[in-house]
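Participant: Just so you know, the sequences run in chain order A, B, C and D.
Residues 0 to 135 in numbering that gives the first Met the number 0 are what the first sequence spells out, letter by letter.
Residues 0 to 135 in numbering that gives the first Met the number 0 are what the second sequence spells out, letter by letter.
Residues 0 to 135 in numbering that gives the first Met the number 0 are what the third sequence spells out, letter by letter.
Residues 0 to 135 in numbering that gives the first Met the number 0 are what the fourth sequence spells out, letter by letter.
Don't read these hints as lab results, they were simulated from the structure.
Be careful, since some hints might not be right.
No distinction is drawn between identical chains; accordingly, a pair holds when it is met within one copy or between any pair of copies.
[As the list claims (entries may be wrong)] DSS-like cross-link-like pairs, simulated, lysine-lysine; straight-line CA separation at most 27 Å:
id, residue 1, residue 2
1, Lys86, Lys35
2, Lys94, Lys110
3, Lys25, Lys110
4, Lys86, Lys25
5, Lys86, Lys98
6, Lys35, Lys110
7, Lys96, Lys86
8, Lys89, Lys54
9, Lys35, Lys25
10, Lys94, Lys35
In case you want the letters, here they are:
There are 4 protein chains.
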Amino acid sequence: MAIRIFITGGTFDKEYNMLNGQLYFKDTHLHELLEKGRNLVPVEIRTLMMIDSLKMTAEDRDLIAYQCEQCEEEQIVITHGTDTMDKTAKVLAEKVKNKTVVITGAMIPIKFGSSDGLFNLGSALAFAQTLPRVFM
Amino acid sequence: MAIRIFITGGTFDKEYNMLNGQLYFKDTHLHELLEKGRNLVPVEIRTLMMIDSLKMTAEDRDLIAYQCEQCEEEQIVITHGTDTMDKTAKVLAEKVKNKTVVITGAMIPIKFGSSDGLFNLGSALAFAQTLPRVFM
Amino acid sequence: MAIRIFITGGTFDKEYNMLNGQLYFKDTHLHELLEKGRNLVPVEIRTLMMIDSLKMTAEDRDLIAYQCEQCEEEQIVITHGTDTMDKTAKVLAEKVKNKTVVITGAMIPIKFGSSDGLFNLGSALAFAQTLPRVFM
Amino acid sequence: MAIRIFITGGTFDKEYNMLNGQLYFKDTHLHELLEKGRNLVPVEIRTLMMIDSLKMTAEDRDLIAYQCEQCEEEQIVITHGTDTMDKTAKVLAEKVKNKTVVITGAMIPIKFGSSDGLFNLGSALAFAQTLPRVFM
Numbered sequence: 000m001a002i003r004i005f006i007t008g009g010t011f012d013k014e015y016n017m018l019n020g021q022l023y024f025k026d027t028h029l030h031e032l033l034e035k036g037r038n039l040v041p042v043e044i045r046t047l048m049m050i051d052s053l054k055m056t057a058e059d060r061d062l063i064a065y066q067c068e069q070c071e072e073e074q075i076v077i078t079h080g081t082d083t084m085d086k087t088a089k090v091l092a093e094k095v096k097n098k099t100v101v102i103t104g105a106m107i108p109i110k111f112g113s114s115d116g117l118f119n120l121g122s123a124l125a126f127a128q129t130l131p132r133v134f135m
Numbered sequence: 000m001a002i003r004i005f006i007t008g009g010t011f012d013k014e015y016n017m018l019n020g021q022l023y024f025k026d027t028h029l030h031e032l033l034e035k036g037r038n039l040v041p042v043e044i045r046t047l048m049m050i051d052s053l054k055m056t057a058e059d060r061d062l063i064a065y066q067c068e069q070c071e072e073e074q075i076v077i078t079h080g081t082d083t084m085d086k087t088a089k090v091l092a093e094k095v096k097n098k099t100v101v102i103t104g105a106m107i108p109i110k111f112g113s114s115d116g117l118f119n120l121g122s123a124l125a126f127a128q129t130l131p132r133v134f135m
Numbered sequence: 000m001a002i003r004i005f006i007t008g009g010t011f012d013k014e015y016n017m018l019n020g021q022l023y024f025k026d027t028h029l030h031e032l033l034e035k036g037r038n039l040v041p042v043e044i045r046t047l048m049m050i051d052s053l054k055m056t057a058e059d060r061d062l063i064a065y066q067c068e069q070c071e072e073e074q075i076v077i078t079h080g081t082d083t084m085d086k087t088a089k090v091l092a093e094k095v096k097n098k099t100v101v102i103t104g105a106m107i108p109i110k111f112g113s114s115d116g117l118f119n120l121g122s123a124l125a126f127a128q129t130l131p132r133v134f135m
Numbered sequence: 000m001a002i003r004i005f006i007t008g009g010t011f012d013k014e015y016n017m018l019n020g021q022l023y024f025k026d027t028h029l030h031e032l033l034e035k036g037r038n039l040v041p042v043e044i045r046t047l048m049m050i051d052s053l054k055m056t057a058e059d060r061d062l063i064a065y066q067c068e069q070c071e072e073e074q075i076v077i078t079h080g081t082d083t084m085d086k087t088a089k090v091l092a093e094k095v096k097n098k099t100v101v102i103t104g105a106m107i108p109i110k111f112g113s114s115d116g117l118f119n120l121g122s123a124l125a126f127a128q129t130l131p132r133v134f135m
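Turn these sequences into a full structure, and let the hints guide you.
Facilitator: Right under this line is the structure:
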């Protein structure tokens, strides 16, 4: 079965707006990263939101948990801002059963030459394939 | 305990010689990749050889197997050219017991902007941490 | 005689602060760009300020003009934020005589893979060598 | 009037073939470089050949000279391998009159992160606009 990838935004996907010099969200870079990494593992990608994780609400986290529960895949990777990754992890640990959920992100946007995102995504997909489902 | 990383060369570490237009080996790029990926997992790095895997001999493979057996670490990542990765894997599967050995490499040199190496290294380190030791 | 390069900041030299997600100034990237471009033209580099050009004051512009007048070199390249480049150009046109002054910058920071900075710097150094001194 | 750009190949446009590890020519990278540099100067691009300049024959150089003479543009940039750039320059200096011809290239392929090509192209386009036509 495929690995489910949920996109929520975060530094990972920030772009540079050259007109006002601000970082912002446009589209996810997941597809190009998977292509760059020559990923052959089947994945199903869905964008749930595109936000800075400092702006993530309790409702947003509930939505992520709900999507993890409802999807048929048992191995899930979530891209997420690093600032509140721990909060989302706590919600998911309480609500999602019998699935392997790996949250990943980046300290530096993909679009910067020095981004850690490609390394992190490689790790996350490997962990999702090998770590046990969490039971209760 | 740390993860042992053995470097053997391969596309991964090829550089461009701007004087004659050929690809060649100089130093490994492992350290900069680990820094870029903000790796915090303890690693011990040792360069065993710096060669194109098409030129790897049976003696070279025996040396790699010997180093895997002798090192005290139980989790090992080997960077290797992709052309004969399978041959080395076969030798290691026969000779190295009770250790997790992951062989990785790249289709495109690290020094090219489009390299898959950072993704592959992230995956390899994750697999080395989570896959079981191989028993006989 | 060498080309004088004055650095004033701008998008060109912005870095990504991975702790707070903001862009900021640290050091100039001029030296690495000149090395990348294999520049062999003698240059003298001096950092006058490291600011966003929206924050550049009349005093800052007078300082830049003064430095252009005082330096012994007759060919000058200034790196500058794009937002108020025209204002500085106007001040320099009024105050600096008998010198070729080229103002350059970037729409995207050097540290982004897609930056236009290397192209612009190459152009600026070429224009500084070939355009006539401005007389009054 | 536009600047004419003639493409002849060279290190500039070499790609990495990940199946055999060799460098080869596919398509030119001129268009993406001009876009990256946000070039607004009108250009007319034509690929004359895609070869390593060590393999360039006297007939090839005559062809380049003929194209420079025949095109209606008076400002010309030629991308060329660095190994025999001087030979082509000598042929063009003899045969092409009343035009500004700038030959440029790269020591490192564009596809490498550390390429000098973007800097060189920026310089070449600036020189083509400002250097005088060569008379006889």
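Participant: Evaluate each hint against the coordinates.
Facilitator: Consistency of the hints with the structure:
no., hint, result
1, Lys86 / Lys35, "between (30 Å within a copy, 26 Å between copies)"
2, Lys94 / Lys110, "neither (33 Å within a copy, 40 Å between copies)"
3, Lys25 / Lys110, "both (12 Å within a copy, 19 Å between copies)"
4, Lys86 / Lys25, "within (25 Å within a copy, 32 Å between copies)"
5, Lys86 / Lys98, "within (18 Å within a copy, 36 Å between copies)"
6, Lys35 / Lys110, "both (13 Å within a copy, 14 Å between copies)"
7, Lys96 / Lys86, "within (17 Å within a copy, 41 Å between copies)"
8, Lys89 / Lys54, "within (17 Å within a copy, 43 Å between copies)"
9, Lys35 / Lys25, "both (20 Å within a copy, 19 Å between copies)"
10, Lys94 / Lys35, "neither (33 Å within a copy, 34 Å between copies)"
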